[in-house]
Amino acid sequence: MAPKAIMAGDEHRFDFPSLILDHKPRSKRTVTLVDLDVDVYGLDEIRKSKLPICAVILSHGRCHSAKMMGTMASGILGELDRLQAESGREKVRDVIVVTLDHRNHGARTRFRNTNLSYDKNPTHLMDMAATVYAGAQDQKFIMDFLPSYLFPRGERTIDSFVPAGVSMGGHSVWRLLRHDPSVRFGIPIISIPSEVLGVNLEERATQYGVSSEELIYPDGVRHYMMGVPPPGAYAGKKILVLSGGKDVSMPIERAEPIIAKISEEADVEWKVDEGAGHKISPDMVRWTADAVWRWTASKKALPKAKL
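Adding 217 to a residue's 1-based position in the sequence shown gives its number in the working numbering.
Hints were generated in silico from the structure; no laboratory data involved.
Misleading hints may appear alongside valid ones.
Unchecked claim - As a list, the in silico DMTMM-like pairs of lysine to aspartate or glutamate whose alpha-carbon atoms are at most 20 Å apart:
id: 1; residue 1: Lys455; residue 2: Glu486
id: 2; residue 1: Lys463; residue 2: Glu473
id: 3; residue 1: Lys454; residue 2: Glu482
id: 4; residue 1: Lys454; residue 2: Glu486
Generate the whole structure from the sequences, applying the supplied hints.
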């Protein structure tokens, strides 16, 4: 059976050049953590500062790459400069943006078909689950070791991390938020919480004409996808959820009940770009920068003393 049209139209086409928001490209340095190359944006611009650093870990979606995320990284940093100039808040941290290739993506690609959907890859659900799991591991690895690789003699301190991810990368951010108590902030973009991701992937299989009997969904993978989060998993965390109002791949209707439940214990902001489908929009870049600025890069300025 031929697959139905899952996504179509401009509202679903990624326009990476637009994500720089007319800001200037930022400096980029590639750092290798054992065998994992990560691109670090914005280091040169803060070389004279002594402030502590916040690192935004920005991860891409399926079939994309770290290289494609460079414009968004520069857009976020440009927006932070604008906010510093216009918001009236006091800057307390410098910010860098770090991008990485997910397993079997970008420079790490070995088997291209493994990244494809059900029409060309019958193990798509299992491959997605494994890539999401590994993506969360890689982001945690970066948080634990990047400070030492960048500043081996303690020249600067990275004391704040904000994992942010798009689509598949956002699924990894949800996993980190759910399972890692040290992760205090997270920005999942055009993705849905782990609690409903497995159901969504099952439904997409039927849209591609794959019956439940044909679907390859081993018990171990099902347990990983459908497992209940530990009590208080999201307690005290700040989460910015960014969605496209026309997204039929990760529909907001499916995410609504579980995000409402997560909101009972976490500080959740949910913004929807009504005109966007399954893609990053310029407004999503602005909203990402604004959250980083408010959460960890700035504080309210003290009122000026009256003379």
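Hints, one by one, checked against the model:
1. Lys455 / Glu486: OK: Lys455 and Glu486 at ~8 Å, within 20 Å.
2. Lys463 / Glu473: Distance ~15 Å between Lys463 and Glu473 Cα, so the pair holds.
3. Lys454 / Glu482: holds (8 Å)
4. Lys454 / Glu486: Cα-Cα ~11 Å, so holds.
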